[in-house]
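J.: Sequence:
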Amino acid sequence: MLSDKQLNFYKWFNIFMEKELYLNCGESQLFKTHRRFLRYICDTFDIRTIAADFDLTMMTMHSGGFIDPQSDRGRLFLKSLSREFNILGAVAMEIGLSINVVTFSDPKLIPSEKIETNISGKSMINLCLQNSNAQFKVSDYYCFYPRLWQERSEYSNLGLDAPMPPFKAFHLRKVCENENLSADQVLFIDDDLYNCANALKDGYVVLHVNGRSGYSINGLSVDFYKDYL
5 MLSDKQLNFY KWFNIFMEKE LYLNCGESQL FKTHRRFLRY ICDTFDIRTI AADFDLTMMT
65 MHSGGFIDPQ SDRGRLFLKS LSREFNILGA VAMEIGLSIN VVTFSDPKLI PSEKIETNIS
125 GKSMINLCLQ NSNAQFKVSD YYCFYPRLWQ ERSEYSNLGL DAPMPPFKAF HLRKVCENEN
185 LSADQVLFID DDLYNCANAL KDGYVVLHVN GRSGYSINGL SVDFYKDYL
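According to the numbering used here, the sequence shown is numbered sequentially starting from 5.
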């Protein structure tokens, strides 16, 4: 069941998209649309931070969890920040919204034989933002692949008393703790419907990124909210 805020966001966002769908052509218009969007959700829904997935959300490609920044594919990935996410981030900074990255790209994923040449997590994110000329800064990074945090000896180091859930409940809870916010003050953006649905159940305001080419405002969806009406 949706909260009143989630339900009102769902209704408003569908109306907003009907009005904006065919307007977002040039960069100037995209900035205007994102300003209207973010200012409205701040003022009306009290959204105070954006928690964004990394692969296929902030970025238009998928890292596979880690990259070799010197390889051809790695160099290509480093410059694959979504143009529209860059605009979203720039506008967020302009109006005082923080951006947190919540990702499964975990440094523990890097095989031991590649540890000297490959990067993941915060290091990979920062290098991507630098190489993609990002117009925003990240407030914090939550880079955990749940399957690697199932043993007590591992998850207890994070303050967990049970294995990490197989979605982003831990990541988002840490965002709330560190930003001193409630779940419904966080806008969560992800391309994975499973992550989106579970975040919605936990009380977050959620947008799903359709397709496999990263964030674009015309590619956002709240259709999955219908399952919880």
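These aren't lab readings, by the way, just hints derived from the structure by calculation.
All values reported here derive from a predicted model rather than from experimental measurement.
Treat the hints with care, as some may be off.
As the list claims (entries may be wrong) - Each computed DSS-like pair below joins lysine-lysine, with the alpha-carbon atoms no more than 30 Å apart:
hint, residue 1, residue 2
1, 36, 15
2, 118, 141
3, 23, 205
4, 205, 230
5, 112, 23
6, 23, 178
7, 230, 178
8, 15, 126
9, 141, 126
10, 178, 205
11, 141, 36
12, 141, 178
13, 83, 112
14, 230, 15
15, 141, 83
16, 205, 15
17, 9, 23
18, 23, 36
19, 205, 83
20, 126, 178
21, 83, 118
22, 141, 112
23, 9, 36
J.: All the hints need checking, so say for each whether the structure fits it.
T.: These are the hints, each one checked on the structure:
For the hint linking residue 36 to residue 15, the alpha-carbon distance of about 21 Å falls within 30 Å, and the restraint holds. Taking the CA atoms of residue 118 and residue 141, the gap is about 28 Å. The hint holds against a cut of 30 Å. Simply put, residue 23 and residue 205 have alpha-carbon atoms about 28 Å apart, close enough for the 30 Å limit, and the pair holds. A threshold of 30 Å between alpha carbons decides the hint, and for residue 205 with residue 230 the separation of about 12 Å falls inside it, so the pair holds.
For the suggested pair residue 112 and residue 23, the alpha carbons sit about 44 Å apart, so the restraint of at most 30 Å is broken. Restraint check for residue 23 and residue 178: not satisfied, since their Cα atoms lie roughly 35 Å apart, outside the 30 Å limit. In summary, the hint linking residue 230 to residue 178 is supported, as the alpha carbons are separated by about 27 Å, within the 30 Å threshold. Between residue 15 and residue 126 the alpha-carbon distance is near 35 Å, which puts this suggested pair outside the 30 Å criterion.
With a C-alpha separation of about 12 Å, the suggested pair residue 141 and residue 126 falls inside the 30 Å cut-off, and the hint holds. The suggested pairing of residue 178 with residue 205 holds, with an alpha-carbon distance near 17 Å, which does not exceed 30 Å. This hinted pair checks out: residue 141 and residue 36 have alpha carbons roughly 20 Å apart, not beyond 30 Å. For the given pair, residue 141 sits about 19 Å from residue 178 by alpha-carbon distance, which is consistent with the 30 Å threshold.
Using a Cα cut-off of 30 Å, the hinted pair residue 83 and residue 112 holds, with the two alpha carbons roughly 23 Å apart. Our distance criterion of 30 Å between C-alpha atoms is met by residue 230 and residue 15, whose separation comes to about 11 Å. The hinted pair formed by residue 141 and residue 83 meets the criterion: a straight-line CA distance of about 16 Å does not exceed 30 Å. Using a Cα cut-off of 30 Å, the hinted pair residue 205 and residue 15 holds, with the two alpha carbons roughly 17 Å apart.
In summary, the hint linking residue 9 to residue 23 is supported, as the alpha carbons are separated by about 21 Å, within the 30 Å threshold. Of the pairs offered as hints, the one joining residue 23 and residue 36 holds, with about 13 Å between alpha carbons and a cut-off of 30 Å not exceeded. Our distance criterion of 30 Å between C-alpha atoms is broken by residue 205 and residue 83, whose separation comes to about 34 Å. Between residue 126 and residue 178, the direct Cα distance comes to roughly 16 Å. Compliance with the 30 Å bound is thereby established for this hinted pair.
Taking the CA atoms of residue 83 and residue 118, the gap is about 22 Å. The hint holds against a cut of 30 Å. For the suggested pair residue 141 and residue 112, the alpha carbons sit about 24 Å apart, so the restraint of at most 30 Å is met. Distance hint between residue 9 and residue 36 is fulfilled; the C-alpha atoms sit about 24 Å from each other, no more than 30 Å.
The structure fails hints 5, 6, 8, 19 (numbered hints given earlier, in ascending order).
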